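Model the placement of chain B on the given structure of chain A, informed by the hints.
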Amino acid sequence: AQSVTQLDSQVPVFEEAPVELRCNYSSSVSVYLFWYVQYPNQGLQLLLKYLSGSTLVKGINGFEAEFNKSQTSFHLRKPSVHISDTAEYFCAVLSSGGSYIPTFGRGTSLIVHP
Amino acid sequence: GAVVSQHPSRVICKSGTSVKIECRSLDFQATTMFWYRQFPKKSLMLMATSNEGSKATYEQGVEKDKFLINHASLTLSTLTVTSAHPEDSSFYICSASRTSGADTQYFGPGTRLTVL
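Chains A and B, in that order, give the protein sequences.
What the first sequence shows, in this note's numbering, is residues 16 to 129, in sequence order.
What the second sequence shows, in this note's numbering, is residues 48 to 163, in sequence order.
Hints may be right or wrong, so weigh each one.
What the hints assert, rightly or not - 30 Å max Cα-Cα, derived DSS-like pairs, lysine-lysine:
hint	chain 1	residue 1	chain 2	residue 2
1	B	K89	B	K113
2	B	K67	B	K102
3	A	K73	B	K89
4	A	K64	B	K113
5	B	K61	B	K102
6	A	K64	B	K88
7	B	K89	A	K84
8	B	K88	A	K73
9	A	K84	A	K73
Claimed, not checked - Here are some chain B residues the structure puts well away from chain A; computed CB gaps all over 12 Å:
hint	residue
10	C60
11	D74
12	E99
13	N117
14	L121
15	L123
16	H132
17	D135
18	P156
If you're looking for bench data, these hints aren't it; they were derived computationally from the structure.
The structure presented is a predicted model; accordingly, all values stated were derived computationally and were not measured.
Where is the CB? At the ideal position from N, CA and C, for every residue including glycine.
The shape of chain B in the complex, shown without the other chains:
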């Protein structure tokens, strides 16, 4: 159990377009979902934390107007990269927890975004 999926796994888009990435918990209800960005050879950078039905909490330095996060249900969260630019190219990973407390995070397989 505790499977998290992401879609798409890979996306290439033109500069200036918007891209939506979906994160789904397939066999459990996720009270909390996290969005990370991972640069090559680097650790995970937490972008934001979202609880179902609430506005996402963004980490310092992350533009909330550029990275729109919606956690509309207990099994789905979306990250929309608006007006993407080449510097937004990265590996985006989501994770989900059953609770908002001290709980294990289950990670999705990641989405490779390339902005041309």
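Pulled out of the complex, with its shape left as it was, chain A reads as follows:
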């Protein structure tokens, strides 16, 4: 079985400050990892994904994430946030083999203050 834990339900931060949104997963097999962003009353948009290769993954809007197998983590980071980054962020894991149905975390609400 696979699971995802997003440790912070809400992360407040000031504009231009750095931010890290945490994501830990559990799975008994190899995984694929995703971060999605959801703006109010909209669907989810893919920020970045890790399938294989380099453990540091760069995505859209200046976000990046690092896959750490030993710590089973895939934390999302941005060096300087903008007001427009205020949104809900979801981490998702998909295990290789099996049904290929992803599991989503409960989401982290990023709130950027001026």
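Chain B only, in chain A's frame:
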């Protein structure tokens, strides 16, 4: 590329009526489509997975007779909420993948259903 649309974006209906929500992949063929339900401040709850031409696979606790899913073509899936009740009010989101394997899901913009 990889755009998914949903229609309608918002619907209000009376209790007891049925509502159909369409999910379309506009610029790619979607072998697999997923339907999610999202409650306020909550994560996504997967309702069912459908492969083109096959019956949908429902998650535990989801009533297949109430939430009818049809994936008639590689670009269209529909979710029909039959005999809707106020507790069915929610945000419904579909997503689509090109393959049935380990692939990226592309999400639609969601449909806000309000049952009076």
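Check your understanding: Does the claim that B/D74 lies off the interface hold, with its Cβ farther than 12 Å from every Cβ of chain A?
Key -> The claim holds: B/D74 sits with its nearest Cβ about 15 Å from chain A, beyond 12 Å.
Practice item. Measure nothing beyond the straight line between the CA atoms of A/K73 and B/K89; if it is 30 Å or shorter, mark the hint as holding. Key: Status holds; Cα separation ~27 Å.
Review point. Does B/N117 really sit off the interface, with its C-beta more than 12 Å from all C-beta atoms of chain A?
Key: holds, 19 Å
Review point. Does A/K84 pair with A/K73 here, judged by a C-alpha cut-off of 30 Å?
Key: holds, 17 Å
Exercise for review: Sort out whether B/K113 lies within 30 Å of A/K64, counting only the CA atoms.
Suggested key: Cα-Cα ~34 Å, so violated.
Review point. Has the given pair, A/K64 with B/K88, been kept, meaning a C-alpha gap of at most 30 Å?
Key: holds, 24 Å
Practice item. Please confirm whether B/P156 is truly not at the interface, meaning its C-beta sits more than 12 Å away from all C-beta atoms of chain A. Key: violated, 4 Å
**Study point:** Distance restraint between B/K89 and A/K84, which requires alpha-carbon spacing of 30 Å or less
**Key:** Holds - the C-alpha atoms of A/K84 and B/K89 are around 27 Å apart, at most 30 Å.
Point to revise | Status of the stated non-contact between B/L123 and chain A (beta carbon gap over 12 Å) | key: Non-interface label on B/L123 holds, nearest chain A Cβ at 17 Å vs cutoff 12 Å.
Review point. Is B/K89 close enough to B/K113, meaning Cα to Cα at most 30 Å?
Key: holds, 22 Å
Point to revise | Beyond 12 Å from every chain A Cβ - status for B/D135 | key: The claim stands: B/D135 keeps its Cβ more than 12 Å from every Cβ of chain A (closest is about 18 Å).
Practice item. Would you assess whether B/L121, listed as outside the interface, keeps its beta-carbon beyond 12 Å of every beta-carbon in chain A? Key: holds, 17 Å
This entry does not satisfy hints 4, 18, going by the numbered hints stated previously.
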